[in-house]
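Let the sequences and hints guide you as you build the complete structure.
2 protein chains.
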Amino acid sequence: MVMIKAAVHGFGNIGRHVLDCLGTADDFECLGVVRRAASLGKDKSDLQGNAEFSSIEELAAKNGRPDVVILCGPSRLMPDEASVYLNKGYNTVDSFDIHGEIPALVRNLDEAARKAGRACITAAGWDPGTDSLFRAIFEAMAPVGTTFTNFGRGRSMGHSVAARAIPGVADAIAITIPIGGGRHSRLVYVLPEAAEASASVDSANRFAAIKQALAADPYFASDPLEVREVGSERELAQVADNSHGVLMERIGASGTASNQRLAFDMRIDNPALTAQVLVSSARAVLRLQPGCHTLIDVPPVFMLPGDRYDNIARLV
Amino acid sequence: MVMIKAAVHGFGNIGRHVLDCLGTADDFECLGVVRRAASLGKDKSDLQGNAEFSSIEELAAKNGRPDVVILCGPSRLMPDEASVYLNKGYNTVDSFDIHGEIPALVRNLDEAARKAGRACITAAGWDPGTDSLFRAIFEAMAPVGTTFTNFGRGRSMGHSVAARAIPGVADAIAITIPIGGGRHSRLVYVLPEAAEASASVDSANRFAAIKQALAADPYFASDPLEVREVGSERELAQVADNSHGVLMERIGASGTASNQRLAFDMRIDNPALTAQVLVSSARAVLRLQPGCHTLIDVPPVFMLPGDRYDNIARLV
Chain A
1 MVMIKAAVHG FGNIGRHVLD CLGTADDFEC LGVVRRAASL GKDKSDLQGN
51 AEFSSIEELA AKNGRPDVVI LCGPSRLMPD EASVYLNKGY NTVDSFDIHG
101 EIPALVRNLD EAARKAGRAC ITAAGWDPGT DSLFRAIFEA MAPVGTTFTN
151 FGRGRSMGHS VAARAIPGVA DAIAITIPIG GGRHSRLVYV LPEAAEASAS
201 VDSANRFAAI KQALAADPYF ASDPLEVREV GSERELAQVA DNSHGVLMER
251 IGASGTASNQ RLAFDMRIDN PALTAQVLVS SARAVLRLQP GCHTLIDVPP
301 VFMLPGDRYD NIARLV
Chain B
1 MVMIKAAVHG FGNIGRHVLD CLGTADDFEC LGVVRRAASL GKDKSDLQGN
51 AEFSSIEELA AKNGRPDVVI LCGPSRLMPD EASVYLNKGY NTVDSFDIHG
101 EIPALVRNLD EAARKAGRAC ITAAGWDPGT DSLFRAIFEA MAPVGTTFTN
151 FGRGRSMGHS VAARAIPGVA DAIAITIPIG GGRHSRLVYV LPEAAEASAS
201 VDSANRFAAI KQALAADPYF ASDPLEVREV GSERELAQVA DNSHGVLMER
251 IGASGTASNQ RLAFDMRIDN PALTAQVLVS SARAVLRLQP GCHTLIDVPP
301 VFMLPGDRYD NIARLV
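Residue numbers (my numbering), protein chains in the order written: chain A, 1 to 316; chain B, 1 to 316.
Do not take every clue at face value.
As the list makes no split between identical chains, a pair holds if one copy fits it or if it spans any two.
Said to hold, decoys possible - Result set (SDA-like, lysine to any residue): computed pairs, CA atoms no more than 25 Å apart in a straight line:
hint: 1; residue 1: 115; residue 2: 43
hint: 2; residue 1: 5; residue 2: 49
hint: 3; residue 1: 115; residue 2: 64
hint: 4; residue 1: 115; residue 2: 309
hint: 5; residue 1: 211; residue 2: 154
hint: 6; residue 1: 115; residue 2: 313
hint: 7; residue 1: 44; residue 2: 167
hint: 8; residue 1: 5; residue 2: 144
hint: 9; residue 1: 115; residue 2: 307
hint: 10; residue 1: 5; residue 2: 253
hint: 11; residue 1: 115; residue 2: 287
Worth flagging that the hints you see were computed from the coordinates, not collected in a lab.
Take a look at the structure:
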């Protein structure tokens with residue numbers, strides 16, 4: 001078997017899980033992790049024996065050029081990082097997750113990728129990502145109808161970040177709870193900033209102000225909201241598990257036949273699934289034409305190891 | 001909008017539903033139906049105003065060449081019919097459903113299609129078809145694990161045909177009932193052949209012989225079986241609805257994270273869904289390279305009408 005040589009860029013929660021996925025795949029070889037120079041030497045055991053580097057050039061000089069770079073940094077940085085890697089002649093995959101910005105990102109990366117003669121897959125997580133695939137296939141099966149994507153119960157990264165940005169909040173975790181019809185309520189655990197001892201009489205007022213600011217924030221303004229105060233980081237950690245899920249429901253018509261009912265229900269460890277979709281996409285990207293692709297642009301068989309005819313015999 | 005010109009080959013249950021699907025799609029124009037000469041002039045109202053022809057040559061001479069021919073005949077005839085159409089320079093789609101013969105069929109049609117510079121999609125129903133897509137995507141999400149495909153409750157065409165072939169059976173309908181773990185029980189309604197009046201004392205024995213033959217048939221031998229006798233075609237028609245369904249369940253691991261739970265649950269009108277997948281595939285086939293494809297070889301966005309970037313903005 002020809003091994004796929006992969007490098008991991010960024011070593012947060014997703015990057016660690018990507019190493020797990022590469023380690024359990026028979027057809028991948030990990031050439032190393034590229035991370036910020038300031039982080040080098042930390043969390044050695046999390047690296048699972050993989051080498052770390054402060055740049056792709058150092059990694060390539062030591063271990064050779066990877067076939068694909070798996071981008072595991074924050075979404076905000078991904079557009080620039082993907083462009084830089086494509087310009088350097090590397091194929092990339094990323095799990096960019098800011099839905100409204102995806103079409104423009106695809107156009108930009110498509111130009112960079114074609115110019116470099118390389119391919120990339122963007123928005124390759126679970127939503128956007130595999131959920132996008134199910135939404136597309138459901139429409140092909142029943143073109144007239146309505147699809148609801150119900151998230152949760154689980155921790156929302158985007159809403160947690162928004163809650164942390166509220167003045168007076170030291171840390172926060174936002175839980176998304178489905179209430180039907182693709183709508184959600186929010187449960188936010190808030191650790192207020194430590195107050196001066198002399199100001200302790202105001203703690204009730206300070207929490208009320210935080211609640212008011214959260215309720216007015218665009219991330220929370222349109223959904224039912226409950227805010228709970230916690231007293232310590234340790235208490236906050238008690239609600240910081242990675243469990244998440246989706247129930248996607250479509251009811252519609254195939255031709256003139258109504259009452260076609262389609263549902264996709266998943267209950268998962270969130271970063272583990274994102275990492276696995278990235279790794280399966282890293283396999284697919286090597287089989288694609290130059291350009292920028294999303295998962296709905298990718299033949300699903302490209303994501304699987306092994307021979308096409310074997311996969312057809314087993315799965316079709 | 002450039003309209004896709006389609007022709008329908010075969011006018012049974014699926015062919016009728018394909019006309020419904022073409023009629024409700026904005027981007028398709030139906031050039032007519034090709035059917036056996038012996039059937040011409042029958043079921044005029046079912047044609048929904050479409051012209052009928054006894055050959056594709058007659059259809060093309062009258063209405064022009066279609067971009068794609070949608071094959072709606074029996075699976076047994078599809079391999080030859082697809083080859084003939086490809087050799088004549090037409091793209092085709094079919095819902096061939098004999099699982100074990102699909103890899104060989106793909107190889108054969110691939111050669112014919114490449115030689116003709118045309119594309120075809122085979123096995124484009126729901127199982128094989130969209131179920132194949134879900135099986136593939138589920139493995140990309142959780143590569144280690146087990147998938148169960150639970151069919152029903154609904155009428156099994158293959159098992160009904162097998163039951164009708166038992167000596168002494170005038171007509172039969174076989175219902176597939178899921179019993180968990182991808183296993184099924186069978187409920188078969190049997191209308192025995194009319195006996196001589198003088199032989200009526202033997203009717204219990206004749207039914208017992210049918211039950212015994214069914215239990216020994218390879219289609220039924222390995223599953224729990226119940227056989228019920230009915231007294232008329234009319235009584236049989238009372239259990240001949242098109243309701244069907246699937247519950248596909250995968251439990252597995254993404255990387256080292258176990259307990260990833262994925263499920264696809266659908267409840268549908270069976271021929272309507274098959275017809276809709278055929279029509280969505282007829283859109284996709286025009287966007288594919290020459291060769292023979294199954295649905296797991298097709299980028300899902302190709303099955304949808306409209307601009308790729310609009311679909312990315314809406315679905316990803």
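Hint check:
{"no.": "1", "hint": "115 <-> 43", "verdict": "neither (37 Å within a copy, 57 Å between copies)"}
{"no.": "2", "hint": "5 <-> 49", "verdict": "within (16 Å within a copy, 58 Å between copies)"}
{"no.": "3", "hint": "115 <-> 64", "verdict": "within (23 Å within a copy, 41 Å between copies)"}
{"no.": "4", "hint": "115 <-> 309", "verdict": "between (33 Å within a copy, 20 Å between copies)"}
{"no.": "5", "hint": "211 <-> 154", "verdict": "within (21 Å within a copy, 52 Å between copies)"}
{"no.": "6", "hint": "115 <-> 313", "verdict": "between (37 Å within a copy, 24 Å between copies)"}
{"no.": "7", "hint": "44 <-> 167", "verdict": "neither (35 Å within a copy, 72 Å between copies)"}
{"no.": "8", "hint": "5 <-> 144", "verdict": "between (43 Å within a copy, 21 Å between copies)"}
{"no.": "9", "hint": "115 <-> 307", "verdict": "between (30 Å within a copy, 23 Å between copies)"}
{"no.": "10", "hint": "5 <-> 253", "verdict": "between (45 Å within a copy, 22 Å between copies)"}
{"no.": "11", "hint": "115 <-> 287", "verdict": "both (18 Å within a copy, 23 Å between copies)"}
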